[in-house]
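Asks: Each chain is listed here by its residues.
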Amino acid sequence: MATREIEHTADIGIEVEASDLPTLFSSGGEALYGLLVDINGVRPKEEVVVSVTGEGWEELFHAWLRELLAQFNLSGFVGRQCEIKNIREGRVEGLVRGERLDLKRHCFYTEIKGVTYHDFRVWKENDHWWARVIFDV
Amino acid sequence: MTREPVRLERVGECLWEIPRQGKMRVPGRIFASEELMAGLKDDNSLRQVMNVACLPGIVGYSLAMPDIHWGYGFPIGGVAAFDLKDGVISPGGVGYDINCGVRLVRTNLVFSEIEEKMVSLMDSLFSLIPSGVGAQGAIPKISMGEEKRLLHEGARWAVERGYGREEDLEHMEEDGALKLADAELMSDRALERGLKQVGTLGSGNHFLEVGKVEEIYLTPEAETLGLFPKQVVVLIHTGSRGLGYQTCEDSLKVMSQAAGKYAIELPDRQLACTPLQSREGEDYMAAMACAANYAWANRQVIMSQAEKAFLTVLGISPRELGFSLIYDVCHNIAKIEEHQVQGETRRVCVHRKGATRAFPPGHPLIPKAYRTIGQPVLVPGDMGRYSYLLVGTEEAMRSSFGSTCHGAGRVMSRAQSKRISRSLNVDQEMNRLGVVARYQGRATMAEEMPHAYKDVAAVVETMDRTGISKKVARFRPVGVIKG
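Residue numbers (the working numbering), protein chains in the order written: chain A, 14 to 150; chain B, 70 to 552.
Since the hints were made in silico from the structure, they are not lab data.
It is possible that part of the hints are untrue.
Claimed, not checked - DSSO-like cross-link-like pairs, simulated, lysine-lysine; straight-line CA separation at most 27 Å:
| no. | chain 1 | residue 1 | chain 2 | residue 2 |
| --- | --- | --- | --- | --- |
| 1 | B | K248 | B | K217 |
| 2 | B | K299 | B | K377 |
| 3 | B | K322 | B | K154 |
| 4 | A | K98 | B | K322 |
| 5 | B | K210 | A | K117 |
| 6 | B | K322 | A | K137 |
| 7 | B | K377 | B | K186 |
Claimed, not checked - Distance windows between CB atoms, simulated:
| no. | chain 1 | residue 1 | chain 2 | residue 2 | range |
| --- | --- | --- | --- | --- | --- |
| 8 | A | E18 | B | E104 | 26 to 36 Å |
| 9 | B | Q326 | A | R101 | 21 to 31 Å |
| 10 | B | R511 | A | R101 | 37 to 47 Å |
Every residue gets a Cβ at the ideal spot worked out from N, C-alpha and C, and that includes glycine.
Using the sequences and the hints given, assemble the complete structure.
Replies: Next comes the structure, spelled out in structure tokens:
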């Protein structure tokens, strides 16, 4: 499993590599949180169940990231660990452990406006899963 | 993404053309000096100009201003006009931050009158205007009913609740409200995100800047706008906050399906679009108008809070302060406008994503007070150097659908900027530049340091040389608050 930041002039992107789909989704979620805050300072105090649907792996991955970002934007919930409980074509269900953002304790990095479709890909290569996504910041 | 190589031909001193090729329906045109173009040749933004040229119903050219840089979907600095009958509307041509824009406020003061109080002033501004991620609470949380009224009324909603004055409304594009707004089309999530964020700056490249007039290039125009040397001015750059971002996201789902339904071939999924004359297109325009109106109300409340800070810290009367709006521009928006296309007057939908309207003298859509000089255009630079005020021209109507640049444009990724900033003490650097800075996030400051941007002077000069807009005045920042 590996995550690397993509150099983009205006925005921020990530590329995630994983040995299987559940890891791709959990790593993608954790990478998103890692762009928002220093997740080393986030305590896994609360658990939030996140369940989304989407047609095809690409759409499902996009929907998963959108939902995690929405939870952050609506309630300030920031995750430390994502665990995928169930994943099948069209649906993913995950458990995210984390806490509400507290600017006094957490080192906040950047606000993300949206998960874009620009140059967005999810693909399988040499038995590994990959995802590439650019966020509007 | 279009895969053909980018063929570029120089067609003017500061004008470059990408001839039609592949699925492009019109050529691309980029306004840039030779030096600015040299910085773009390895950049994906030129390919994005080509992608936009592939969309149905585009007329004239797929355009880019000299602050062009790699965005998502449209390039930032992109302008494209679409025929009302055959053309499309694309949320990717407006952006997540719908009606992100800038307003410029004048005062009666010269900088020497506030210099000693700059620290207190910036502290007060920072306390009254929430900034940073999830910033909220500038004004008491509003009810859903109030929010829907705000979404229809725009800046007027704020003025009628004591934030600013009636005359401010005349100095905004569309008088601070797009009439097409329909709040019933907004999602629950968009409405929820909007409840507590009226009057907040947010994060990223948004800011409030206190500046001084450093140079005046066109005296009669400056006098018409109420500007004089060394004058204290305030620039406010922000948009529609979470409500706008959510509106864009909601629309992308609809647009992806619509593109399939109407058999629109997309070179980039972020360019998802729908015919202007479709239910999906009409719904997006009405939702976009709501978000645009939210942005105007947001900037109006921020301006009013800023006035409070000045009055409290300086201990002078509103009359002595003379805090009044010069103009407010949108730089992420789509609007229905009349333009000349191949010799005939046509109503088209102009997308400006990171570009500013620049209508000429005499145009009926600019305030009567400015009708002899042209529409004021506000072009912020990076937070350490300078910002500009320009005016629109007839040449802009002929060459760029009445549009010009919107800012400096980034030259460096955020990650690269942070790496360079590691060796800098951000506070010391801002002090060295003579700017009192107050901010929430050190990481945002590191990403936004002046080295991450082009020199806005080069961008503005290109537009001045092509005659698209004329330089009126330059401001130097002396204080900034950021998220």
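Asks: Determine for every hint whether it applies to the structure shown.
Replies: Here's how the hints hold up against the structure:
1. Of the supplied pair hints, the one linking B/K248 and B/K217 holds, its CA atoms being roughly 13 Å apart against a limit of 27 Å.
2. A distance of roughly 22 Å separates the Cα atoms of B/K299 and B/K377; the hinted pair therefore holds under the 27 Å criterion.
3. Under the criterion of a C-alpha separation no larger than 27 Å, the hint pairing B/K322 with B/K154 is consistent with the structure, at around 23 Å.
4. For the given pair, A/K98 sits about 26 Å from B/K322 by alpha-carbon distance, which is consistent with the 27 Å threshold.
5. For the hint pairing B/K210 with A/K117, the CA-to-CA distance comes to about 23 Å; that is within 27 Å, so the pair holds.
6. Of the supplied pair hints, the one linking B/K322 and A/K137 holds, its CA atoms being roughly 24 Å apart against a limit of 27 Å.
7. Of the pairs offered as hints, the one joining B/K377 and B/K186 holds, with about 15 Å between alpha carbons and a cut-off of 27 Å not exceeded.
8. Between A/E18 and B/E104 the Cβ separation comes to about 29 Å, which falls inside the hinted range of 26 to 36 Å.
9. Evaluation of the 21 to 31 Å hint for B/Q326 and A/R101 yields a pass: the beta carbon distance comes to about 23 Å.
10. Under the hint 37 to 47 Å, the C-beta atoms of B/R511 and A/R101, about 42 Å apart, fit the expected range.
In this structure, none of the earlier numbered hints is contradicted; all agree with it.
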